[in-house]
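J.: Per my numbering: the sequence shown = residues 4 to 216.
Quick caveat, the hints were computed from the structure, so don't treat them as lab data.
Values in this document were obtained by computation on a predicted structure and should not be read as measured data.
Please note that the accuracy of each hint is not assured.
Claimed, not checked - List of simulated lysine-lysine pairs, BS3-like, C-alpha gap at most 25 Å:
#1 Lys131 - Lys64
#2 Lys61 - Lys136
#3 Lys159 - Lys64
#4 Lys144 - Lys159
#5 Lys53 - Lys64
#6 Lys63 - Lys136
#7 Lys63 - Lys131
#8 Lys53 - Lys63
#9 Lys144 - Lys61
#10 Lys131 - Lys144
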Amino acid sequence: MAQINPPLTSGENRSGAAQNILEVAGQLFARSGYDGVSINEIANEAGVSKANIFHHFKSKKGLYLAALNKACSLSAGVLEDNAVESSDDSSDRVRHFLSSHLEVLLQQPLATRLIQRELLDGAEGNGKELAEKVFAETFEKITDLVRDVQAQGAIKSSIDASLLAFLMVGANVFFFENRDLMAHLPGIDFAGAPDRYSEAVFELLAHGFEGQS
Numbered sequence: 004m005a006q007i008n009p010p011l012t013s014g015e016n017r018s019g020a021a022q023n024i025l026e027v028a029g030q031l032f033a034r035s036g037y038d039g040v041s042i043n044e045i046a047n048e049a050g051v052s053k054a055n056i057f058h059h060f061k062s063k064k065g066l067y068l069a070a071l072n073k074a075c076s077l078s079a080g081v082l083e084d085n086a087v088e089s090s091d092d093s094s095d096r097v098r099h100f101l102s103s104h105l106e107v108l109l110q111q112p113l114a115t116r117l118i119q120r121e122l123l124d125g126a127e128g129n130g131k132e133l134a135e136k137v138f139a140e141t142f143e144k145i146t147d148l149v150r151d152v153q154a155q156g157a158i159k160s161s162i163d164a165s166l167l168a169f170l171m172v173g174a175n176v177f178f179f180e181n182r183d184l185m186a187h188l189p190g191i192d193f194a195g196a197p198d199r200y201s202e203a204v205f206e207l208l209a210h211g212f213e214g215q216s
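Starting from the given sequences, assemble the full structure and let the hints guide the process.
T.: The following block contains the structure:
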């Protein structure tokens, strides 16, 4: 089996053993999906016993949800960046979120693929559990950022903040998934320039695409 890569992220409030298990499990789940990974495989790769895994994580599902939360926390970390929190220019806060979020997706591909695999291939009917246990907190923070910017007048208050939050995240995920394809499509010159892509997305979302009247 391929060697396990460096940790998805660091600094979580877990013991060293639990952190190691979580890092290994997250990367295996990202590669093979929930059903494609066994507890035995995780134990072997992490160098621990199955009993040790179940000491820290009560079930395979619990470990999987913890791995998803760990991956999702990378996006949440962008929102806690000083450049997002403290900028006096509300537009710059959105710009920085877009560019930093995309940077995280590109720099942490296994974490990104873990989330994408679950969203695309996960069991039907998991939406409620995933929303409540994994995505709700981060999505709420992104939506709050949009509302703050709306309150400062940089984005029209008539725009649904939740929809705009979805569009921002979705635009970045689309770039992550399709940048290789985009590099070979005619007329596209931003496939290798994520910063320029983020700026263009911001301009489109902030100012729309209607011409001057």
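J.: Need the list of violated hint numbers for this structure, in ascending order.
T.: Violated hints (numbers, rising): 3 and 9; every other hint is consistent with the structure.
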